[in-house]
Structures are given as structure tokens and as C-alpha cells.
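**Q** Sequence:
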Amino acid sequence: MEDFEKLRNIGAREISKHTHIALNKIQYILDRNYKELKDNATTHGLLQILEREYHISLKQWEDEYKEFWKSYDSEDEEIGPLVNFKVTHEVIKPNSKTGMILSVFLVVFLSVGFFTYRNFTMVEDSEEVAESQKTESQVQEEKLKDSENETLNEDDLSNLGKENNATNVTAVLETTNSLDASASTPINVLPKDSNEETLNVEVKKVSIVPLSNVWVGIVYLDSRKRASFMTENAFDVDLGRPQTIVTGHGMLEVDVSGEKSAFNSANKMFFVVDKEGNFTQVTQGQYDVATRGLGW
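In case it helps, the working numbering puts the sequence shown at residues 47 to 342.
Check the hints yourself; a few may be wrong.
Computed list of lysine-lysine pairs in DSSO-like fashion (alpha-carbon distance at most 30 Å, straight line) [as the list claims (entries may be wrong)]:
(1) K112 with K271
(2) K116 with K105
(3) K306 with K251
(4) K105 with K84
(5) K250 with K271
(6) K112 with K63
(7) K250 with K71
(8) K105 with K81
Estimated spans, in silico, between C-beta atoms of each pair [stated by the list, open to error]:
(9) R287 with A312: 42 to 48 Å
(10) I56 with K250: 40 to 46 Å
(11) G304 with E60: 40 to 46 Å
(12) K52 with R287: 35 to 41 Å
(13) E113 with T326: 38 to 44 Å
Keep in mind the hints are simulated off the structure, nothing from the lab. Being a predicted model, the structure only gives us computed values, none of them experimental. In this text, a Cβ means the ideal position worked out from N, Cα and C, and glycines have one as well.
Build the full structure now, drawing on both the sequences and the hints.
**A** As C-alpha cells, then:
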């Protein structure tokens with residue numbers, strides 16, 4: 047593998063500076079540490095970047111990588127020692143003398159409880175009878191008071207009806223006079239303004255449309271977490287989270303709310319979404335500043 051040896055001669059640190067791939071990822075590739083490269087899509091994307099930047103072929107390395115994961119058996123991991131617990135129990139022989147004492151105590155306790163319950167029940171029944179008699183007398187007194195109140199209310203209503211009739215006659219006369227006085231007065235009603243303001247909110251949508259299969263690396267700036275994937279289909283950019291985006295090549299289109307911008311470059315492209323949701327194409331230097339070294 048002359049191409050692979052070429053990479054090893056260059057060194058992991060120099061490759062990381064040139065490609066902006068994480069140093070530990072480069073070291074895993076050079077050391078053939080397949081076990082640490084668990085994400086197949088990410089690893090494939092890294093290999094594509096190396097092949098493009100250094101004009102080499104790493105197909106044999108990738109075949110060995112795939113073969114390793116086919117034959118790798120996670121069940122071969124070391125299993126911790128098992129701990130066996132032995133449960134012992136002791137048979138206690140009952141003491142006949144102790145049992146007799148407990149039986150006598152139990153009988154006495156139950157007898158006391160029974161007599162206490164009977165006395166309490168009798169007292170409670172007598173209290174309920176007295177309460178019932180008291181309640182019946184109160185009900186009779188309340189009925190007598192209600193009948194007296196009804197008689198008084200009928201007299202009051204009769205007097206109130208007479209007063210209301212006199213008041214209503216006076217009110218009708220006053221209303222009639224008022225209407226006659228105002229009948230000749232014109233009433234001008236100003237129409238209400240029916241114009242209503244309409245608030246138009248423009249929702250911005252940004253999509254990246256690759257013209258061929260492309261590797262995409264994203265760094266979310268709010269959580270300092272990274273994500274990557276390979277795609278040949280259009281994907282929407284989440285404008286609600288500040289982030290940086292790098293693509294493996296620049297043969298793609300950027301669709302901003304229906305307005306498309308086409309690019310045709312073999313080099314990587316860099317984009318930034320700021321806290322206000324603005325989507326901007328940036329240079330590699332601006333990308334490095336935004337990610338603060340947490341790039342690909």
C-alpha cells in the first residue's frame with residue numbers, strides 16, 4: 047500500500063492541519079485502529095477527503111476495515127467475574143413453655159378487646175338516638191319559622207306590587223316626553239374604520255442540494271457536539287440552532303426560500319448559522335474561528 051505509506055510518512059499532525067480532520071481520527075486511520083472507528087459513514091467520508099486531498103487510493107484500507115467489523119464479535123469482550131451467594135437459614139425449634147404463655151396472653155388480650163368494643167358500641171348507639179331526637183325537634187321548629195316567613199313575604203309582595211305600578215306609570219310618561227322632544231333631532235353615526243393591519247411574517251427556509259454524493263459535517267455551537275453523514279439528496283438546514291456546516295466538495299446548490307445559488311467546485315465549502323438564524327457562506331478561516339478548533 048504505497049498510498050497508505052505516503053500518508054504515514056506525512057504524519058497525523060500535518061494531515062490534520064491540512065484537512066482539518068480531528069487529530070485522533072487521523073491517528074486511528076494510520077494505526078489501523080478499526081475498533082475506535084465505529085461510525086462507518088463518518089469513516090468513509092474521512093477516507094474520501096484524504097483520497098481527494100492527497101490524490102491517493104485507500105480502497106484496500108477500507109476493505110480491511112469492513113472485513114474487521116464483519117468478523118468482530120462483541121461477545122468476546124471480557125465478562126466480569128460472577129459472584130455466587132449462598133443463602134443459609136436456621137431452623138428454630140419452638141419452645142413449648144413459651145408458646146403456652148403466649149397463648150394465655152393472646153386469650154386475655156382478645157377478651158379485653160371484645161368487652162371494650164361492646165361498651166363503646168352501646169355508648170355510640172345511645173348518642174345516635176339522642177342526636178336523632180334532637181334533630182327531629184329542630185326540623186319542626188324550622189318548619190314553623192318558614193310558615194311564618196311565608197305569611198310575611200306575601201304581605202310585603204302585595205305592598206311592593208302597588209308601589210311598582212305607580213313607579214312604572216311615571217317612568218312611561220317621562221320616556222314618552224323624552225322621545226317627543228328628541229324626535230326632530232337628527233342623529234349622525236360615524237362609520238367605523240374597517241381597515242385592519244395585516245402582519246406578514248416571512249418564514250425563511252434553507253436547503254442544500256448536492257449534485258452528487260457528498261459528505262457533510264456539522265458542529266452544533268450551542269452544545270459543542272458534532273454530527274456527520276453521507277447523502278445525495280437535498281437536506282434542510284436547522285436555522286433554529288447555531289451551527290457550522292462543511293461539505294466534502296462544492297458541487298451543490300443552496301436553496302434559500304426558492305432562490306437557488308449553484309456552485310461547482312471540487313473544494314470543500316463552509317457555512318455558518320448564527321444565533322439569529324442567519325445562514326452565511328464563510329471562508330475556512332472564519333469557519334475555524336466559529337468552531338473554536340472543534341472542526342472535522
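**Q** Does K84 lie within 30 Å of K105 when you go C-alpha to C-alpha?
**A** Since the Cα atoms of K105 and K84 sit roughly 18 Å apart, the hinted pair holds (cutoff 30 Å).
**Q** Is K250 within 30 Å of K71, Cα to Cα?
**A** violated, 36 Å
**Q** Is K112 within 30 Å of K271, Cα to Cα?
**A** holds, 26 Å
**Q** Going straight from one Cα to the other, do K250 and K271 come out at no more than 30 Å?
**A** Holds, because 25 Å separates the two Cα atoms, which is no more than 30 Å.
**Q** Taking the beta carbons of E113 and T326, is their distance inside 38 to 44 Å?
**A** holds, 43 Å
**Q** Just tell me: holds or violated, for the beta carbon distance of K52 and R287 against 35 to 41 Å?
**A** holds, 39 Å
**Q** Check the hint pairing K116 with K105 against an upper bound of 30 Å on the C-alpha distance.
**A** holds, 17 Å
**Q** So if I understand the rule, the pair passes when the alpha-carbon distance is 30 Å or less; does K306 with K251 pass?
**A** holds, 12 Å
**Q** Please verify whether K112 and K63 have alpha carbons no more than 30 Å apart.
**A** Status holds; Cα separation ~27 Å.
**Q** Assess, step by step, whether the Cα of K105 is no farther than 30 Å from the Cα of K81, and give holds or violated.
**A** holds, 18 Å
**Q** Does the Cβ distance between G304 and E60 fall inside 40 to 46 Å?
**A** holds, 44 Å
**Q** Indicate whether the distance between the beta carbons of R287 and A312 respects the range 42 to 48 Å.
**A** Violated, since R287 and A312 (Cβ atoms, about 29 Å apart) do not stay within the stated range.
In terms of the numbered hints stated before, the structure departs from hints 7, 9, listed from lowest to highest.
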